[in-house]
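Keeping their order, the protein sequence lines are chains Y and U.
Its first residue numbered 0, the first sequence is counted upward by one per residue in numbering that gives the first Met the number 0.
Its first residue numbered 0, the second sequence is counted upward by one per residue in numbering that gives the first Met the number 0.
No wet-lab data here; the hints were simulated from the structure.
Among the hints, a few may not be true.
Heads up, the list lumps identical chains together, so a pair's fine if it works in one copy or across two of them.
Unchecked claim - Calculated cross-link-like contacts (lysine-lysine; reagent style DSBU-like; alpha-carbon spacing at most 35 angstroms):
#, residue 1, residue 2
1, K11, K91
2, K140, K45
3, K37, K91
4, K47, K91
5, K45, K11
6, K47, K37
7, K11, K47
8, K37, K140
9, K11, K140
10, K91, K45
Chain by chain, the residues run as shown.
Number of protein chains: 2
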Amino acid sequence: MATEVRQQLLEKGMVMLLRQGYHDLGIAALLEATDTPKGSFYHHFKSKEDFGLQAIDLYMLAVHQGLEHCLGDASLPPLQRVRRFFELSEEKYRTEGYLGCLLGGLGQELSGVSDVFRRKVEECFAAIESRIATCLEEAIKRGELPKNTSPERMAKLLVNCWEGAALRSRLARDPGPLRDMLDFYFGALSS
Amino acid sequence: MATEVRQQLLEKGMVMLLRQGYHDLGIAALLEATDTPKGSFYHHFKSKEDFGLQAIDLYMLAVHQGLEHCLGDASLPPLQRVRRFFELSEEKYRTEGYLGCLLGGLGQELSGVSDVFRRKVEECFAAIESRIATCLEEAIKRGELPKNTSPERMAKLLVNCWEGAALRSRLARDPGPLRDMLDFYFGALSS
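Only chain Y is shown next, with the shape it has when bound in the complex (with noise of 0.2 angstroms):
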């Protein structure tokens, strides 16, 4: 039952969190939307912080969950592979309302004041950017990519374009910066 609403506090906590950053997001307001009873947020976790990394591990077990799913996809090239993961962030976007990525907003709005949320938040960049090198990698190894391609730096550029990308779909709330942005880079990738 406890990890019932542990669970429950931080699904609809990671939803609010992408709405409204971390500062506006007050734990009554959480506590409320969840129907749990005032006070027991402490019981849960151990701070607001610690209540914000584990959201944030939440959101990344769907990103890894979806990194598995593409990138393994060996019926695709590699390259096709890796445009589909952020194809399917897109689609995730979509149903959110293009409110963009947690990462970027976390990271945007924290990394000033908390080293502990910059660290996080890079890492988690780090790792994305680490299962993509390997798929480069392997686009490499095909021919898909010139074999002076560096698959980290490339890996590293497409994640910070499409975080710029998702920040604008977020003021937009439409889709085209993030398929321009991937036409644009894909396109030159194989240029």
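Fit chain U to the known structure of chain Y by using the hints.
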């Protein structure tokens, strides 16, 4: 005197907003940091929102001066002028400890909860892009870019990718992501 105090609040507030974002910035802390008497904030601003919007205006004043300075420099080819603007932005970020861009920070934090800030930040990006697009048009006329290049699309892409790189430089406190992004973009543009 009132104008001076207002200006001081905006200048200091802009720096504080860049570091800690909007919701974490307390008006009391801002007044203390500027040695302004308690209770006088609402003498200068209608609301915290009004203050935030005016801080963005102050930020944009510097951005437009930078655009003027770089894009108006007829001694350089158009593409180099555009790149120079972003290199100067990187230089500005450096002096601030690589905290990134205020538009990206406030855009991420506030666009899920405030249509006023969402539209404001989107307008600011659009204004920057419009000036860059004009310079890219000149690059097309001079043969620096293919005739079928869309200046508006490429300007938007540049700004968006830059914002993602700026987030990453904020996380890593490092200029690497900014430089890599510019190399990739201008490399792709010229190839």
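Item to check | Hint numbers not upheld by this structure, sorted from lowest to highest | outcome: 2, 8 and 9
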